[in-house]
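Next come the chains, spelled out residue by residue.
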Amino acid sequence: MSEILLAIDVPGAALESASLAVAAGEVVALLGANGAGKSTLLRTIMGLEPACGAVRLGGEEIGTLSASRRARRGIGYVPEGRRLFPGMSVRDTLLVGSRRGTAAAEQRMSAVLELFPMLAERLATPAWQLSGGQQQMLAIGRALMGEPRLLLLDEPSLGLAPVVVDELMLRLRGIAAGGTAVLLAEQSVARALEIADRVYALAMGRVVAEGTPAAMQTSGVLERAFLGADAVPPVRFPP
Amino acid sequence: MTSAALAQSWRRLGARAPWALAALALIAYAASASPYGLRVLALAGVQVVLVLGYQFIFGHAGALSLAQGAFFGIGAYVTAILGSRYGLGFLATFPLSILAPLALAAAVAAPVLRLASHYFALATLGLAQVALLAAVNGGELTGGALGLTGVPGIVLFGWAVPRGFAFTAVVWLIVAAGAWLSLRLMRGLTGRAYTVLRGDPLAAAAIGLSEQRLRLAAFLLSAGYAGAAGALDAHVLGVVSSETMAFSVMVACLAMTVVGGSTRLAGAFIGALLLTYLPEWLRSLEGYALLAYGAALLLAIVLAPSGIAGAIAGTVAALARPERPILPAPAELAQPQGPSGLPLLVVRGLAKRFGGIEALKGIDFTIDRGEILGVIGPNGSGKTTLANLVSGFVQSDGGTVILAGHNLTPLGASEIARAGIGRSFQQPALPPELSVLEMAALARASLSNDLGFRAALAGRDRGDRRERHEAEAMHFLRILDADAYAHYPCSALPYRSAWRVEIARILALEPKLVILDEPAAGLNEAEQGELARNLRRLARLGLGLLVIEHNMPFLLPVADRVMMLDEGRAIASGKPEDIRRNPAVVSAYLGRRAGLA
Amino acid sequence: MTAFLQLAFNGLALGAAYALVALGFVLVLNATSAVNFAQGDLVMAGGYGAAALAALLPLPGLALLPLVMAAMAALGLAVAALAYFPLMRRPASSVFISTIAVGLLLQNGALHLFGPEPRAAPAVLGGGQMHLGHVVLPYQSLAIVAIAAALVLGQRWLFARTQLGRRMRATAQDREMAAALGIPVRTMIALTFALAAALAGASGALLSNQFFVTPTEGGALILKAYIAVVIGGWGSLEGAVLGALLIGVFETLVAAWFGYTAAGALLYGALLIILLARPQGFYGEAAGRRA
Numbered sequence: 076m077s078e079i080l081l082a083i084d085v086p087g088a089a090l091e092s093a094s095l096a097v098a099a100g101e102v103v104a105l106l107g108a109n110g111a112g113k114s115t116l117l118r119t120i121m122g123l124e125p126a127c128g129a130v131r132l133g134g135e136e137i138g139t140l141s142a143s144r145r146a147r148r149g150i151g152y153v154p155e156g157r158r159l160f161p162g163m164s165v166r167d168t169l170l171v172g173s174r175r176g177t178a179a180a181e182q183r184m185s186a187v188l189e190l191f192p193m194l195a196e197r198l199a200t201p202a203w204q205l206s207g208g209q210q211q212m213l214a215i216g217r218a219l220m221g222e223p224r225l226l227l228l229d230e231p232s233l234g235l236a237p238v239v240v241d242e243l244m245l246r247l248r249g250i251a252a253g254g255t256a257v258l259l260a261e262q263s264v265a266r267a268l269e270i271a272d273r274v275y276a277l278a279m280g281r282v283v284a285e286g287t288p289a290a291m292q293t294s295g296v297l298e299r300a301f302l303g304a305d306a307v308p309p310v311r312f313p314p
Numbered sequence: 015m016t017s018a019a020l021a022q023s024w025r026r027l028g029a030r031a032p033w034a035l036a037a038l039a040l041i042a043y044a045a046s047a048s049p050y051g052l053r054v055l056a057l058a059g060v061q062v063v064l065v066l067g068y069q070f071i072f073g074h075a076g077a078l079s080l081a082q083g084a085f086f087g088i089g090a091y092v093t094a095i096l097g098s099r100y101g102l103g104f105l106a107t108f109p110l111s112i113l114a115p116l117a118l119a120a121a122v123a124a125p126v127l128r129l130a131s132h133y134f135a136l137a138t139l140g141l142a143q144v145a146l147l148a149a150v151n152g153g154e155l156t157g158g159a160l161g162l163t164g165v166p167g168i169v170l171f172g173w174a175v176p177r178g179f180a181f182t183a184v185v186w187l188i189v190a191a192g193a194w195l196s197l198r199l200m201r202g203l204t205g206r207a208y209t210v211l212r213g214d215p216l217a218a219a220a221i222g223l224s225e226q227r228l229r230l231a232a233f234l235l236s237a238g239y240a241g242a243a244g245a246l247d248a249h250v251l252g253v254v255s256s257e258t259m260a261f262s263v264m265v266a267c268l269a270m271t272v273v274g275g276s277t278r279l280a281g282a283f284i285g286a287l288l289l290t291y292l293p294e295w296l297r298s299l300e301g302y303a304l305l306a307y308g309a310a311l312l313l314a315i316v317l318a319p320s321g322i323a324g325a326i327a328g329t330v331a332a333l334a335r336p337e338r339p340i341l342p343a344p345a346e347l348a349q350p351q352g353p354s355g356l357p358l359l360v361v362r363g364l365a366k367r368f369g370g371i372e373a374l375k376g377i378d379f380t381i382d383r384g385e386i387l388g389v390i391g392p393n394g395s396g397k398t399t400l401a402n403l404v405s406g407f408v409q410s411d412g413g414t415v416i417l418a419g420h421n422l423t424p425l426g427a428s429e430i431a432r433a434g435i436g437r438s439f440q441q442p443a444l445p446p447e448l449s450v451l452e453m454a455a456l457a458r459a460s461l462s463n464d465l466g467f468r469a470a471l472a473g474r475d476r477g478d479r480r481e482r483h484e485a486e487a488m489h490f491l492r493i494l495d496a497d498a499y500a501h502y503p504c505s506a507l508p509y510r511s512a513w514r515v516e517i518a519r520i521l522a523l524e525p526k527l528v529i530l531d532e533p534a535a536g537l538n539e540a541e542q543g544e545l546a547r548n549l550r551r552l553a554r555l556g557l558g559l560l561v562i563e564h565n566m567p568f569l570l571p572v573a574d575r576v577m578m579l580d581e582g583r584a585i586a587s588g589k590p591e592d593i594r595r596n597p598a599v600v601s602a603y604l605g606r607r608a609g610l611a
Numbered sequence: 096m097t098a099f100l101q102l103a104f105n106g107l108a109l110g111a112a113y114a115l116v117a118l119g120f121v122l123v124l125n126a127t128s129a130v131n132f133a134q135g136d137l138v139m140a141g142g143y144g145a146a147a148l149a150a151l152l153p154l155p156g157l158a159l160l161p162l163v164m165a166a167m168a169a170l171g172l173a174v175a176a177l178a179y180f181p182l183m184r185r186p187a188s189s190v191f192i193s194t195i196a197v198g199l200l201l202q203n204g205a206l207h208l209f210g211p212e213p214r215a216a217p218a219v220l221g222g223g224q225m226h227l228g229h230v231v232l233p234y235q236s237l238a239i240v241a242i243a244a245a246l247v248l249g250q251r252w253l254f255a256r257t258q259l260g261r262r263m264r265a266t267a268q269d270r271e272m273a274a275a276l277g278i279p280v281r282t283m284i285a286l287t288f289a290l291a292a293a294l295a296g297a298s299g300a301l302l303s304n305q306f307f308v309t310p311t312e313g314g315a316l317i318l319k320a321y322i323a324v325v326i327g328g329w330g331s332l333e334g335a336v337l338g339a340l341l342i343g344v345f346e347t348l349v350a351a352w353f354g355y356t357a358a359g360a361l362l363y364g365a366l367l368i369i370l371l372a373r374p375q376g377f378y379g380e381a382a383g384r385r386a
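Protein chains in written order, with my numbering: chain A, 76 to 314; chain B, 15 to 611; chain C, 96 to 386.
Chain A extracted, bound-state conformation (with noise of 0.2 Å):
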């Protein structure tokens, strides 16, 4: 079982306090307009950002971890802006992303590439040269080459076709299926509800509603947190 349980206290402004779990196999979406606090949320769990508070990965504490040592425990980053390596090519950057000697690299990368043929067709190519979308599953993909418990994703549809998007929700899918816990920060609401098992709402750096994303839907809190209370006409998600 692969829970983490996290109460954050942070000084300063995007992130005042935050309080969340997630099980193996679950996805979680973040959902919050922007300065709400999901990237810096995402970021203090990987240990990038200064906090005090607890963050347990499977029961134990990492919060004292450098970011380096919480990844080898067991957490994937796919960052806002995928964050690729300038230059490396496909196979450099899913390579990089093990912490293994080239061979046993070489065999997780296999397994990786089922999830992603379309990267298995081009793994001389630099990642620049790549689409947005084939980037994006890059980014996860070396993220996935670790192994992780915890898959941490910030904002993946940025910037993306809806087609692509779909694809992409898919695969996350497919990766929790197979045991991993996935925790993603998401601007759409839409595809938040969509892919979701649960749903957090941020704003102005709280944890401000949470449940399923059908009760999110039904009780119009999102579109007070977004938009303001008064003279808003009710909006219906698709079902």
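What the hints contain is simulated information worked out from the structure, not anything from laboratory work. One or more of the hints may lead you astray.
Stated by the list, open to error - Distance windows between CB atoms, simulated:
1) A:G176 <-> B:P125: 46 to 56 Å
2) B:R583 <-> A:L190: 31 to 41 Å
3) C:W252 <-> B:Y291: 29 to 39 Å
4) C:G222 <-> B:P125: 42 to 52 Å
5) B:H501 <-> C:A255: 50 to 60 Å
Claimed, not checked - Here's a subset of chain B near chain A, in silico, CB distances under 10 Å, partners left out:
6) G252
7) S256
8) P392
9) N393
10) H564
11) M566
Idealized CB from N, CA, C, for every residue including glycine.
Given the structure of chain A, go ahead and fit chains B and C onto it with the hints provided.
Okay, now just chains B and C, sitting in the frame of chain A:
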């Protein structure tokens, strides 16, 4: 005398006493020193002048110049050549030794100062190498590698200064003059302007400080002081050679500056004296000068980056009882009442690309006096780029920005700040080393042109003028209810109050248009209400406001009009109520599949 | 024509040695964003190391080379520990200064251990030369070109084909992202310093046979490495090697006709012009980005 005034007098005495004691000790030593000892003392004085000069460009302006040794050498050679070959006297050679490196610095300044730090260091290093080559290969003129001998002594108005005490005294009188000048230039607000410049270039531009002018002045001064030091060196030693131009001079200067303290007057003395005498004391261990310099420099930069003087000042500050600051009374400034409803800002076709990405694809809009325009849009839509282009922090690729009839498009950030556009940043641009009051007073002085070396020499950046600027600064702080924070260092401001200080900073430059980038971030409801009230107040006074926000519940009630950006284009514009209902806006915020019920 | 070819070859050999220095310089630059001003003095240390080892072990230069490089790698770790890691969170100019300081310590160390007299390291394979037409090709010069080429290719192989090399590249390109992938960033940086020092040491060992080594010669070398990196483009490995080769050939050609002084002056003059006109070199980032 009130107790506060008495305490201040004691403090001043306490600050001056060490100098008086040191001067007395120096004179006492010199009176009883051997001729050799006097010579070393004179050489130490030469190094003090060199380091004082280096402090301008390296310490205050924060630029790693590696040409200081070359300027020193040029000064020395000018004195030697004109003195020994052409028989010119001190009163002619000394000023020329200052002017020659100054001229060189002026000649290369324009292109070189624009370079980013490691290129600037390299360019100055290259310059130093060329100077060395010129010296070594100057044939008869420079005496080649062996150099020139027979540099005459110092002759002042017919009096040949005898070697020994008098000679050393003359050198140290020049040192004192250099120190006096350095103090006068840096003691006032100009010195504080340099602190902001090197630590926080963004805040410097926002306050209207001209980075180019300040850096140029520092570079020229450092060259002039180096020339003076070189001239004195030639007189003391009686010879110049390629050693005088060698890189080791530069390294020694750097070591002395870092070890002593690169921004404090005392640091120049401490560093120069320490590193001149250290090899003397270690003379039994031959040739360990380089080792001493290397070790001292490494220890200093790692353990005590502000040098010995900085460490002492820090200890004194920690031990001293915190003084109860006396806040200046706020000045009464007339409220600007501009006529509302007239167009203030006209933006046409504003565009920007970053590499292959078009961040802004041609934006048109206007803001009238007294109007609040809200700008909304998802991540990456170009809102902050828009703010950067209008305020001059980024150069546009097309379009015009016209404020009150003046075309601001070609201007840079600091010029635009002084021309009437103020802005805030997502992370408040407040220089951490200054107090809130100093920062605001600096903005006032910047507006009144009371900064810079000419102003410092004329005394316009301290005394009465400074007090007036501080009083005016208090006025703006009080408007924002931030006057209680006046003596806080900007780095110690509680996050929730930083917004007040930043808006006070903006107002202190008397802007016509204010750009605010996500001002409500991190504020609770009560603070947001106060912010909203303040914004309305500014609008009533005739200012135009451009407010970028994600927080719709905050923005929609405050703005007169709202413009929405998406992927670099303005896709909607109108009254807040209409924007709220606009389907394009809703779908951009809530996801493309959302529709109206 | 023969003279030209001869000079070109000599210049190539010189440039090959410079290439090792420049390569080490740019490796550290990429990994740390900081200028390692001690790189030239590390070359000097390599030269002295080779000379000292030769006095102890009567082996040909080729056998000594790996030992020198290993010792220099250790020295590189020491430089990283003294001059870089304590200053990791400070602006890059602090590291500039701390490496100047370490360079001073290296110079002084050499002065005290070896005295001010110039020393020479043994030739790689012994003296002698071969002839290609009328062009004289000393074995030493051939060896320099061959060994430098081997080392440069070796570094390329390391970076392209091993996990260690990939991790070092990742650390140099995006330190935070590398950490998020579990890469031990500090170890990678330390190894980069070690590699740079080993390359510098090799260069020193090779050069000090022909050009005797003195404690202060590091200064001119660092400037040339710096210039090579600017010519080739700040941050580009290939550019640094290319730039170094160009400098070697340029220096040799100009020196033959106008003397070493003119060569130096023209080189620095060219540097200043490049910085002012096209600071981004052939491949690299723009130099003049002031707000």
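Evaluation of the provided hints:
1. Between A:G176 and B:P125 the beta carbon distance is about 50 Å. The supplied range of 46 to 56 Å therefore holds.
2. For the hinted restraint 31 to 41 Å between B:R583 and A:L190, the CB-CB distance of approximately 36 Å keeps it satisfied.
3. Range check, C:W252 to B:Y291: about 53 Å between beta-carbon atoms, so the 29 to 39 Å window is missed.
4. Remark: the range hint 42 to 52 Å for C:G222 to B:P125 is upheld by a beta-carbon distance near 48 Å.
5. Taking the beta carbon of each, B:H501 and C:A255 are about 58 Å apart, inside 50 to 60 Å as hinted.
6. For B:G252, the suggested interface contact is broken, since its CB lies about 58 Å from the closest CB of chain A, more than 10 Å.
7. Because the beta carbon of B:S256 sits about 45 Å from the nearest beta carbon in chain A, more than 10 Å, this interface hint is broken.
8. Taken as an interface hint, B:P392 checks out: its beta carbon lies about 7 Å from the nearest beta carbon of chain A, inside 10 Å.
9. Because the beta carbon of B:N393 sits about 5 Å from the nearest beta carbon in chain A, less than 10 Å, this interface hint is met.
10. Below 10 Å, beta-carbon pairs count as interface contacts, and B:H564 has one with chain A at about 5 Å; its hint therefore holds.
11. With its C-beta approaching chain A no nearer than about 5 Å, B:M566 sits inside the 10 Å limit, and its interface hint holds.
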